[in-house]
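Q: With chain A's structure known, arrange chain B on it following the hints.
So the sequences go chain by chain: A and B.
If you want our numbering, it's the 1-based position in the first sequence plus 204.
If you want our numbering, it's the 1-based position in the second sequence plus 220.
All the given hints hold, so there is nothing to weed out.
Here are the computed lysine-lysine pairs in the DSS-like style, where the Cα-Cα straight-line distance is at most 25 Å:
1) B:254 - B:265
2) B:401 - A:461
3) A:342 - B:401
Partner residues aside, some chain B positions facing chain A, computed with beta carbon under 10 Å:
4) 247
5) 260
6) 292
7) 318
8) 321
9) 373
10) 399
11) 402
12) 413
13) 419
Simulated DEER-style distance windows between Cβ atoms:
14) A:347 - B:264: 52 to 60 Å
15) B:351 - A:481: 43 to 51 Å
16) A:266 - B:264: 39 to 47 Å
17) B:351 - A:568: 47 to 55 Å
Since the hints were derived computationally from the structure, they do not count as laboratory data.
Note that beta-carbon positions come from the ideal geometry of N, C-alpha and C, so glycine has one too.
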Amino acid sequence: MHYVPQIIFLILAALSIYFFSKKAGEIKRNIFLGKEEDLSDNPTQRWRNLFLLAFGQKKMFKNPLVAMMHFVLYAGFLIINIEVLEIVLDGILGTHRLFLKPLGQLYSWLINGFEFLAVLVLLFCIVFLVRRNILKLKRFMSKDLNGWPRSDANYILITEIVLMSLFLLMNATDQVKQDKGFVEADHTEIHFFFSSLLKPLLMGLNHGTLDAIERTAWWLHITGIFAFLNYLPYSKHLHIVLAFPNAYYARLDAPGKMKNMPAVQNEVLYAMQPELAPTDAAPPASFGAKDIFDLSWKNLLDAYSCTECGRCTAACPANSTGKLLSPRKIMMDTRDRMEEVGKNINANLSFVADGKSLLHNYISVEELRACTTCNACVEACPVSISPLDIITELRRSLIMEESNAPQEWNSTFSNIENNFAPWKFSPDERDAWATQS
Amino acid sequence: MKVNTMAEMMAAGEMPEVLFWVGCAGSFDQRAQKITKAFAAILDKVGMKFAILGKEEACTGDPARRAGNEFLFQMMAYQNIQVLNGYGIKKIVTTCPHCFNTLKNEYPELGGNYEVIHHTTLLQQLINEGRIKMKESGDFKGKKISYHDSCYLGRANDIYEAPRKVLEALDAELIEMKRCKSNGLCCGAGGAQMFKEDEPGNIRINMDRADEALQTGAAFIAAACPFCNTMMSDGVKNREKENEVAVLDIAEMIALSMQ
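Bound-form chain A, shown alone (with noise of 0.2 Å):
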């Protein structure tokens, strides 16, 4: 009988730690549907990003306030975690607080320090959660998040607040036990200051209910953790993970830049040095995207790393001005393909075609003309996103496989090809302005 909670704590966490590699295995492989993209060069400058960007965090600092809360918010997530090595081993060895009798005195103010970490990180986010649901922010209003996406946001600050309240409960607990003399001869003392500010509400309490307390809140919080380790790869807060590769694999190079295509660079040079052509040279099967599978693994990794902030949205200013466009509905558009399509090999352990594709069935036409592709979006993404990339590729599908463009897009093409101008003048003409006084 005494083994019974270490075997349960044992079974809970082979489980949970199994459905967990389970889920980042398909996602792993779901961001590998995409094509090959060599991101590997100059790594100095890649581990500087992920240093900058994802560790500091630095896009955030634009609005300082903001960025400082969440900074804590996510330090202080990590840092109390190390306390979940101690829970952990607890839970293996059935021991109580393994590391007080070796720390001493330290383990007092290590644990003071992860207690005023978990007071600001239960503060802020409850200061997040007003500004999601009663200053109702403009980003976060928006339609986009209409449904789940709205949800998930509240349910993770929610889980957090409940984590760091079942931590200082489960102190506070302890040291009203200690206070009563319900501990062990050689019992290290124990002072925290904050979960001590809790005691008046536990002092009426007896031997039995405070063990109670103090147990159901130590499991609440490890299922808890559990749980949210489970949740994790089906939710927005997927980037706390994924920032850091995100801002690894992010494009080095100018962001005006857009990606060539060698295929089509080789038709034209064939076409006008047909000596080059190789006989055998075969087609390209398709331009752009039409669907996950065309574009490039970094937009992938980019859509499962979105948070859905909304700051590529804020900044839009075809969004701002009214049209459909949404660079955030661009990313979330793309994970939720992926999500259907790794559904989709889950069932018949290949792809089998459904009939649907991210353009058009997720993302349309109006969406994609309206992008100036102004780089708002790219610059405003804290996790290095580039919205953009994916809006024009999905243009080159519509344009290059589909012949999609309005009226004034195909005389421009004309006027270029004809004229070398996108207007209709003579290219004759083109140096006047040289001999007009």
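A: Just chain B now, kept in the frame of chain A:
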């Protein structure tokens, strides 16, 4: 002022210090032609030997590529690179940020390698070197100027300082718009939007941006892109402020103010 083409220079056995890439707007658009002439006049005045491609210049392909027509882009790029490499061009200056971006960032992997600079960067260099000297009391002295960042100069190529440094040389009062530099709002022309009607929405992007510029109370809106210039001019005109607020290219301002 005689503007030489590369063909004429080669015939005379000469090489220019820099090739002036005029661009389609600068060549054909009546408003943008004034920018072209102003910039050419500056180069002439400082004695920089330059040439244009003239009738041999063609669209870089930027709008085609951004609209999604990669074939047309590659055709234009091939043609232009043939001409540029044929003349052995080393250095290009252009008054259009879209041409600048394509020539600088997209032509190299297609075989076109040149030193490409935007005219605001060249103007800053010429001012720093003392080759451009300002009049004692220029037209813009003490006037309020607000600079509108071009997306293809700013976010696309990280050039925020050069245009501002040039404007500082005018001894004017620079006022930033609410959204400026890396947060600058697009004029609405990029991504081939210039060549089609807007998608349905509440307001045109150029109106939004012109309103923001007008709110600064500046007497001059400075632009560094012929397309931004058109969009901002239209916006100002639409608000019936064209008699109070002028939209000018930085090159035009320098041409008016230099000795």
